[in-house]
Structure formats: C-alpha cells, structure tokens
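*Asks:* Combine the two chains into a complex, taking the hints into account.
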Amino acid sequence: MAETISRPLRRESGTLNQSFTQRWSAVRYAWKQYKTMYLFMLPFIVLFIVFVIAPVITAVYLSFTYFNMLEPPRWIGLSNYRLLFLEDDIFLTAIKNTLLFSLITGPLGYMISFALAWFINRLRYRQVYTLAFYAPSITSGIAMSVIWLYLFANDRYGLLNYLLIEIGLITEPVAWLQEQSTILPVIIIISLWMSMGTSFLVFLAGLQSVPQELYEAGMVDGISNALQEVFYITLPVMKPQLLFGAVMAIVNSFAVFQIAAQVAGVPSPLYAGHTIVAHLYMHGFIQFEMGYASAVAVVLFVMTFLLGRMAMRLFSERG
Amino acid sequence: MTATSLVRKKRVSPNQRFIRLLKREASPTEYLVMTLMALFTMLPIVYMVSTAFKPLEEMFLYPPRFFVRHPTGRNFIELLLAIDSLSVPFSRYMFNSLFVSITTVAASVIISSMAAYPLAKYPRMPGGKLFFSIVVSALMFAPEVTQIPRYLIVDQLKMIDTYWGLIVPALAGSYGLFLMKQFMEQLPIELIEAAKVDGASELRIFFQIVMPLVRPAWITLIIFSFIGTWNDFFTPLIFTRSEQMKTLPLIMSSIGGGPGVVARWGAVAAASLVVTLPTLIIFVLLQRYVMQTMAYSGIKS
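So the protein lines, in turn, are chains W and Y. Residues in the first sequence are numbered consecutively from 0, following numbering that gives the first Met the number 0. Residues in the second sequence are numbered consecutively from 0, following numbering that gives the first Met the number 0.
So here's chain Y without its partners, still in its complex pose (with noise of 0.2 angstroms):
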C-alpha cells in the first residue's frame, strides 16, 4: 500500500470506503497475479498429465517437450499388461486401495464424531478436557515417531498382512476429531437440550440432529482422511507383505523397477496419472462442501 493510495483512501467518503471493504473486493492486478501464480503451480500437474499421454519416443525427445504432440493411450494399456506380467491382476489394487480407504474414511468418519461430541457439548464432563488436550499432544509429533512400536503391536494383534492391519490403526489418528470438536463446539445447545426435553435419546440426538447439521465438516474430514489413506505409502509398505494385500501407491516402485529402468516408464508414467486423479476427483466433487463449512461455521450460539 503506498502513500498515494492511503491518502487516496482518506478522500473517500467513510460510506464508500466502509462498502468497498465490506465487499472485500479484489483489484484487477490481484486478479492477473493470482491467475498467473495458480496457473505455475498447476504447472507440474498438467505435466503429468501431459507425459502420460506422451508416446515412448516423445518421451526421450531432445530438446524436451512440455506438451504431448500425439496423446496416446498407449501407455495405459501397457500399465495394465505390466501389472498382469505381476502376479496379481491391475484390478486387485485397485480394489485394496478402494477399500481399504473408503472402510477408513467411513469408520473414522463416525468414531471421531462421537468422541467429538461430547467434548463439544458436555465440557463439565469429568476427564474430557483432559482427554482432549491428550488428543491435541498427539497432534503434535509426526506419526513416523511411533512407527516401530506400532508395528510391533499390529504384528502382536495378527493383523500384519491383512486389511484390518491397514485400516484399525488409522482410526486413532487425533485430526479428525479435532476437526469435528472445533465444529460441533459452534452448534446452538439450545437445539440439544429442546430435542431432549421432547424425550429424544443421546444416540438419536447425535445421528438425527447433530450429524445432519455438522454435515460439511464430516464431508471436509471425508476428503482429509480419504486423501490420508489413498496416498499412504509407508502403512502398507510396512504392513503388507504379500502382493495381494498391497495398495495401488506401492505398485509404482513394482513397475517402475526403480530409478533407471527405462522399458516401463510409459507405464509409471500412466500410473502416476491413474494414482493422483482420485484425489483430485474427490476434492472437484466434494469442494462446494468445504465451501458450505465455512459458511456453517460462521453460526455463533
């Protein structure tokens, strides 16, 4: 802001001035820098999805190209030849990765809501606060730290090369519920308390009036955790053993061989395009939720 513009600013009458700040209007240049920097950013998707259109000569090209010439789809049907040469068929990871993250995000989804709940709406409850600031401790190291043990108490429990291994211990992570406290905490008691008085129970309270109220930010922890569970690579690295139970992030180190094989890089390079999409998907579907929480969380009791 420089001094032109602030004195600029002070002819302005307070009405107009108090109207253009109440619009929240954007200038034109914050427009073209804004577009300019979303569209940099994108860069590196939109490569991706460029080179896995990109036949195998296009690919090792000199000089290198951005775009694709001749799209291709090619390399997608070498992803799903490369996968069948594995032991177990494209469709099998594909159906682990969808179940295992849509069980999570489901679970998850209803086990950190009524935890949140009555933190939320009953903080007279004895331990809760304590409870609760646990939570936020745990939030606070990187789920690397427990790694080891984890793994022990999962190989303990015999869940070690099953989908109950994949998905249970992803249940306790602390995000989720609080996210749901942070959003429940702005629901009117009022509503809770009427429902009781007409004689509704806690548990039809919580799924027939809390819930449906609440429900953006459990679709906003929908998108968190199911993009968490889709792109974990570690979890099923480390508790996978067999190659039926493994997980569609894994299969990239399978075809790709690692670093310097060259014969499948159509291959990776499609799988990178099959593995990121889903997310995206879900984000473009689910966004306007996200946009609906941020109007719902303006409601002040």
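Okay, chain W solo, but in the shape it has when bound (with noise of 0.2 angstroms):
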C-alpha cells in the first residue's frame, strides 16, 4: 500500500525536479554564455531598479495611505481617489486644463517638429537653422520666465500690450497672467516655443538616415510629389524616430507644470494655470500631504502610460 501510493508522488516530485533543473540549467547556461554582458547591464539595472521601479511601487502603495512624513503611513484604502474625483473641484479643473493643453500642444509641437527638420533637411546653413528652431528648448526655463513676465507684463510697459495698443486691437493693456482666460493661451503659446526639442532633433537624423536608394527607387516606381514622398517613404522607414516623438510631445504636454508655475504662480489666479503635476506639487511639497500627492501622481502614470502604449500600437500597425 504504502508503495502504491509513494510511487506516483515519487515520480511527480521527480518530473518537478527535473524542470526546475532545467531551468536551472538553462540559467546557469545564459549566465555562462552571457556573463559579460550582463555584468556590463549592471549599474545601469540597479540604478533603474532603485531609482525608477521602487519610486513607482511606492508611489502605488502610498496613494492607498495617509502620510504626511511625520507618521508611518497610514492604509486607508480608496479614500484619496474617492475624495481625488468625488470631491476635489480644484482636481477636476487640473485635468481639463491638462487635457486641453495636451490636446493643442502635443499634436500640434508634435507636426512643426516634423515639418520643420523636413524643411531644414532641404536647406543649405542647415546648422544655423537647426539652432534658431533649436534654441528655445534648451533655454533655462526659470531664466526665461524672466523675458516672460515681461513680455506678458499687465500693464503698459509690456512689450505685447504696448504693441497690441499701439496697433489699436486693444484699448486698455490686458493682464495676461492674471486674467483666467488668457493665462493657459499664453502658457500654451510658450510651450509651443520650447517644443522644437529632442524629438526634432532625432526627426532631423531619422530624415538624414533614410537610404538615398529608396528614394531613387521610389523615383522609379512612380513617386511624383514631395508629399507622396513624405507618405510612402520617408515616413515607414522613419517609424522609430518617430513613435520616440509621439512618445516625447505625449509624456511632455501631459507632465506641463515648470512654466505654468514660473509665469503664473502655484496656486495661479483661480487655477486657471493649474495642471495635475501642479496639483501634485501643491500637495505633495507645499501642503505634505504625500498620500494624497502619490494618487495624483498614479492618475498621472496611468493616463500618460495608456496614451504612450496607444502610440505604439498605432506604429506597429502601420507597418
């Protein structure tokens, strides 16, 4: 009896035995085969492990507690995304102006990055080109604010307001960054400005990189126009550049918060600059309300990782 029953046990303990040997096997074989490689992928894992994937289960595990840095955190389940949706107005208005930042900004950045490095890859001085569009991304947001306030400043002595009134559009200066409804055109507008960054950078190489053949082939089989080229060639072959692009103008116009705090102030004038890392910041390093901070900020993660994925699954496809 006892052997009928052992026998079965014995050979199933056996088979799980021998898969995990060969796993283990089959990892002491990868660690043998790519030992040097792995050891060069080191630093670089660790540090992503501590500086990137622990911030992000932490984040996800605060955003369930109370914790203000003083105590341990405290699990309170869903009550900061309840009182996040339900009863946060000023949260609301953070994702609508996001929202319609991200909406004018991001595609819009997105095309005049393309259509410029386009144009740039056909001109001569294409250096000096490249930096005039070039320039303005790598400015020091926080000296910049400076031109801004006055350039936008309220009252006559702005540059806008003195040029609007002497052309006669405007009667009386315009308080641009106090005014609710002309601080996110202008915030928008700035955006714009910066937006010719790393993207139409590596735009330009991608545009650089495309095989001269496959234009002369493309020649033979019939291409006629500069935008059919654009379509069948140079946009295919330049697919990586560009889901890096669209992956760029989403994360950026979603995480827009530097200049909207350096022009108009955190909190702004009856949150009409208000973005949701804004919101995240008010909470998290004005108020420390880090809990409630970390639910912002996995809202955030969660919107701007679905659009990223979007993205690449529309590249993908369009292979």
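Calculated directly from the structure, the hints in this document are not laboratory data. Just so it is clear, CB atoms sit at the ideal spot from N, CA and C, and this is done for glycine as well. A portion of the hints provided could be inaccurate.
What the hints assert, rightly or not - Pairs of lysine to any residue, SDA-like flavour, derived with a Cα cap of 25 angstroms:
#1 LYS120(Y) with GLN177(W)
#2 LYS31(W) with SER132(Y)
#3 LYS128(Y) with LEU306(W)
#4 LYS120(Y) with VAL209(W)
#5 LYS195(Y) with THR35(W)
#6 LYS120(Y) with PRO210(W)
#7 LYS238(W) with MET58(Y)
#8 LYS120(Y) with MET33(Y)
#9 LYS120(Y) with ILE48(W)
#10 LYS34(W) with MET124(Y)
#11 LYS157(Y) with VAL45(W)
#12 LYS120(Y) with ALA194(Y)
#13 LYS128(Y) with SER18(W)
#14 LYS34(W) with SER173(Y)
#15 LYS31(W) with ILE218(Y)
#16 LYS128(Y) with ILE48(W)
#17 LYS238(W) with SER223(W)
#18 LYS195(Y) with TRP23(W)
#19 LYS238(W) with LEU129(Y)
#20 LYS34(W) with GLY127(Y)
#21 LYS128(Y) with MET309(W)
#22 LYS34(W) with LYS157(Y)
#23 LYS195(Y) with TYR174(Y)
#24 LYS128(Y) with TRP23(W)
#25 LYS238(W) with PRO187(Y)
#26 LYS238(W) with GLU184(Y)
#27 LYS238(W) with ILE218(Y)
#28 LYS34(W) with ILE218(Y)
#29 LYS120(Y) with VAL59(W)
#30 LYS34(W) with ARG123(Y)
#31 LYS120(Y) with LYS157(Y)
#32 LYS128(Y) with ALA106(Y)
#33 LYS120(Y) with LEU306(W)
#34 LYS120(Y) with TYR174(Y)
#35 LYS128(Y) with VAL236(W)
#36 LYS120(Y) with VAL196(Y)
#37 LYS34(W) with ARG203(Y)
Said to hold, decoys possible - Where chain W lies over chain Y, by a calculated footprint (3+ residues, C-beta under 8 angstroms):
#38 36-46
#39 52-65
#40 133-146
*Replies:* And the structure:
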C-alpha cells in the first residue's frame, strides 16, 4: 500500500525536480554565455530598480495611505481616490486644463517639429536653422520666465500690451498672466515655442538616415511629388524616430507644470493655469500630503502610460 | 502644391525630375519663409541678451524698447555683488552647476552605453528584450510621477543635500539607454565578430571598437544630458537644503526675491543670460557631431 501511494508521488516530485533543474541549467547556461554582458548592464539595472521601479511601486502603495512624512503611512484604502474624483473640484480643473493643453500642444508641437525638420533638411546652412529652432528648448525655463514676465506684463510697460495698443487692437492693457481666460493660452504659446526639442533633433537625424536608394527606388516606382514621398517612403522608414517623438510629446505635454508655475505661480489665479503636476506639487511639497499627492501621481502615470501604449500600437500597425 | 505646378512637373523629363528631387533643392520661397520663422523664433532670446545689457533706466522706459540703446556691463557686476551679499559666493553656485552637470553627463554616457551594447548586439540574451521593454515603458511617464518616493529613497540613502543626491538618481534615465541602443543596432555585427576572432575581450571591444564608432551618438547624448541636468530646477530644489549645495537655476529665485521685487531687476536679467548661455554654447560647439550622427546612422549592416 505504502509503495503504491508513494510511487506516483515520487514520480511527480521527480518531474518537478527535473523541470526545476532544467530551468536552473538554462539560467546557468545563459549566465555562462552572457556573463560579461550581464555585468555590463548591472550598474544601469541597479540604478533603474532603485530610482525608477521602486519609486513607481512605492507611489502606488502610498496612494492608498495617509502619509504626512512625520508619522508612518496609515492605510486608508481608496479614500484618496474617492476624494480626488468626487470632492476635489480643483483636481477636476487641473485635469481639464492638462487635457486642453495636451490636446493642443501635443499634436501641434509634434507636427511643427517634423515639418520644420523636413524643410531644414532641404536647406543649406542647416546648422544655423537647426540652432535657431532648437535653441528655445534648451533655454533654462526659470531664466526665460523673467523675459515672459516682461513681454506679457500686465501694464502698459509690457511689450505685448504696448504693441497691441499701438496697433489699436486693444485700448486697455490686458493682464495676460492674471486673467483666467488668457493664462492657459499664454502657457500654450510659450510651450509651443519650446517644443522643438529632442524629438526635433531625432527627426532631423531620422530624415538624414533614410537611405538615398529608397528615394531612387520610389522614383522608379512612380512617386512624383514631395507629399507622396513623405507618406510612402520617409514616414515608414522613420517609424522608430516618429514613435520616440510621439511618446515624448505625450509625456511632456501631460507633465506641463514648470512654465505654468513660473509665469502664473502655484496656485495660479483662480486655478486658471493649474495642471495635474501642479496639483501633485501643491499637495506633496507645499502641504506635505504625500499619500494624496501619490494618488495624483498614479492618475497621471496611468493616463500617460495608456496613451503611450496607444501610440506604440498605432505605430506598429502602420508597418 | 498647385495644379499648375503639378502639370509643369509632368512636362519635365523624368531624368531632370529625378535629379531635382535627389538633390533636395529648396526654392527661394522656402528659404525666405524659413528664415523669417527662424528670426521670429529667436526674438525672445535676442530680447533676453539685449535686456541683460540694459541700464536700469532703460528697463522701465515708456514706451518699452526691444533693443538696448546704451549697453552696459553694470548688471553683471550687480549680479556678483547681489550674490556676495547672500552667504555664498557666486563661484560656488557656478562650481556646483558645472560639477553636477559634468559628472552626471560622464557617468550616464558610460553607464547607459554599457547597458545598451548587449541589448543592441546580443538580441538572443535571455531577459534582454524584457528589460528593454520595461525601460521603454519608463519613457512613457513623466519623472514627476516618481518625485515623492524618489525623495523618500534619496532621504533613506542619506543623499539629501549632497552631490550624490544630485547626481546618482539622474543616472537612471531611460532616454540615454534608448538612444544608444537605437544607434548601436546599426553597427555591423561582423566588426565585433572579427575582433572576437582576433581574441579581443568584450571590454576591449566595447571601449576600443564600439564606443569610437558610435562617438557621434554619445556626443548627442552628452548634449541632451548636459542640458537636462544644467536646466534642472526641481531636483536641486527638493534634494538640497543648504545654500552651499544649490545650483545656478536656484539663484534666479534667490536674487529675484519673487515677482514684483524691482531693486535687483538688472541682476536678474544678467543672471538669466548667465544661466542660459552654457547650454547654447555646448550645443553650438557639439552640433557638428549631431550632424555626423545623422551621417553615421545611415550605415546599415
């Protein structure tokens, strides 16, 4: 009796052992073969786990707690999220502003970047043109805010007000950075000005890397104008660069905060320039409600992540 | 493109059309429009430079003027004096900014290139694809999302208010890895295999063959990384406490004393130029390598 029972058991444990040893030997084989390569990656992996993966997990955990940095975090379940979506009107304003901002600057900045890169690619003195359009994105946001505060100044001394009054478009100076209706447009204009950044350069690089033979082949196949060339040759070849640019555009436009904070302040007048990150910053680093701020962070994370995934799917389908 | 130009194009012989498109010649109109747009884009920066040299009375002139009439260097002297009246000399901020930026750039170029190499050239390495897809996912959220826990971790590691805190967390950037991997993939694998046959170690292959070949790529990375670190306002704002550890962007708010303070307007204008100039200079200096990156990235295996 004992034998009949133990036999299948033993066999089972035998197969378990076998698959385990198989796996183990696969791991050992991989390590043996790629040991140096894993060691090459080690510093980055460690840093990435400590400063990216661990913070994401911690943020998700903290979003379910009450945490003020003085006492240990206290588990409160979904309360933060309930408060955020049902009772926090300012957060809804932040979401509305962020979406409005992203819907305009994201696609527009992306298209302008590509169009300018495409035109520059046809010009001589490329470096000069590249510098002119790229320079705004590498200026220090805080340094430029000094200039914006003067250009968009609320009184007649502001250059924009002065010009508009001279032309006769307005009679009284507009308080660009204080009026509810003008704060967001001003932030959008400044952001567009700064949007020819990394992806603009990547586009330029991508345009250069399209093999000349492809254009020649396209010509043989009957491509007759520039627009056809862009759609049938350039865009498909540049898919990796375009995807990179799309992800950057999404992330940057959803993370809008710095410009808003520096020209309109935190919180801005009547929350007209209030964004999701501004809300995060206000609760996290001014009021020290770390749990609540983490919930804001998680909402932002989910939003950008889903959109990023959508962009990836879009680009892989176009293939 | 109008109908007539299409018709005209059709009359051109295929050979001429071919040559025109191949040479990618732009028309004078394109030059004019692009030049006007470039000038318009540069206006705020030109205005910043002009304001930095304006004497105080010109700053509050009515009607306001775009260009400076009597340029002066007084604002820069005022900037030095204003900083001296704070507890830390200007040179300290300058040193902090330069030290943090240069160290971050150097370390992140090496670390992300080393991690990118196996991912680009050993696609069959177990776990590589998974890891890369996680890194790409990390591109998809703003660093702001992890700001709070990162602060807690940096605090736990006792790195608050040290150079470590300003440098080490910045090295985990996924942009660098992503870019380097993209460029390295275009290297011919035969080169690496030939070197291996010759008995070179992986470390030697990496530093003596791969890195020189992808030089334009990592110079591009230097530009991005330097600009990002140099302009970073929130990391030093959150991770530093003492005045001695602060970087240049933070002095903007210290000397300005918030909006509405008039007394140091000149110093603020000068500071904005001092803070902005290095990123522009480094881009102008290294831009030709970015152009080279373009040429190199055309190599196909």
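*Asks:* Determine for every hint whether it applies to the structure shown.
*Replies:* We went through each hint and held it up to the structure:
no., hint, result
1, LYS120(Y) with GLN177(W), "54 angstroms, violated"
2, LYS31(W) with SER132(Y), "24 angstroms, holds"
3, LYS128(Y) with LEU306(W), "22 angstroms, holds"
4, LYS120(Y) with VAL209(W), "22 angstroms, holds"
5, LYS195(Y) with THR35(W), "14 angstroms, holds"
6, LYS120(Y) with PRO210(W), "22 angstroms, holds"
7, LYS238(W) with MET58(Y), "48 angstroms, violated"
8, LYS120(Y) with MET33(Y), "40 angstroms, violated"
9, LYS120(Y) with ILE48(W), "23 angstroms, holds"
10, LYS34(W) with MET124(Y), "10 angstroms, holds"
11, LYS157(Y) with VAL45(W), "17 angstroms, holds"
12, LYS120(Y) with ALA194(Y), "14 angstroms, holds"
13, LYS128(Y) with SER18(W), "23 angstroms, holds"
14, LYS34(W) with SER173(Y), "23 angstroms, holds"
15, LYS31(W) with ILE218(Y), "33 angstroms, violated"
16, LYS128(Y) with ILE48(W), "16 angstroms, holds"
17, LYS238(W) with SER223(W), "22 angstroms, holds"
18, LYS195(Y) with TRP23(W), "28 angstroms, violated"
19, LYS238(W) with LEU129(Y), "21 angstroms, holds"
20, LYS34(W) with GLY127(Y), "13 angstroms, holds"
21, LYS128(Y) with MET309(W), "20 angstroms, holds"
22, LYS34(W) with LYS157(Y), "32 angstroms, violated"
23, LYS195(Y) with TYR174(Y), "29 angstroms, violated"
24, LYS128(Y) with TRP23(W), "20 angstroms, holds"
25, LYS238(W) with PRO187(Y), "21 angstroms, holds"
26, LYS238(W) with GLU184(Y), "15 angstroms, holds"
27, LYS238(W) with ILE218(Y), "23 angstroms, holds"
28, LYS34(W) with ILE218(Y), "28 angstroms, violated"
29, LYS120(Y) with VAL59(W), "35 angstroms, violated"
30, LYS34(W) with ARG123(Y), "13 angstroms, holds"
31, LYS120(Y) with LYS157(Y), "37 angstroms, violated"
32, LYS128(Y) with ALA106(Y), "24 angstroms, holds"
33, LYS120(Y) with LEU306(W), "30 angstroms, violated"
34, LYS120(Y) with TYR174(Y), "18 angstroms, holds"
35, LYS128(Y) with VAL236(W), "22 angstroms, holds"
36, LYS120(Y) with VAL196(Y), "16 angstroms, holds"
37, LYS34(W) with ARG203(Y), "15 angstroms, holds"
38, 36-46, "holds (count 8)"
39, 52-65, "holds (count 5)"
40, 133-146, "holds (count 13)"
Violation of the numbered hints given earlier is confined to hints 1, 7, 8, 15, 18, 22, 23, 28, 29, 31, 33; the remaining hints are satisfied by the structure.
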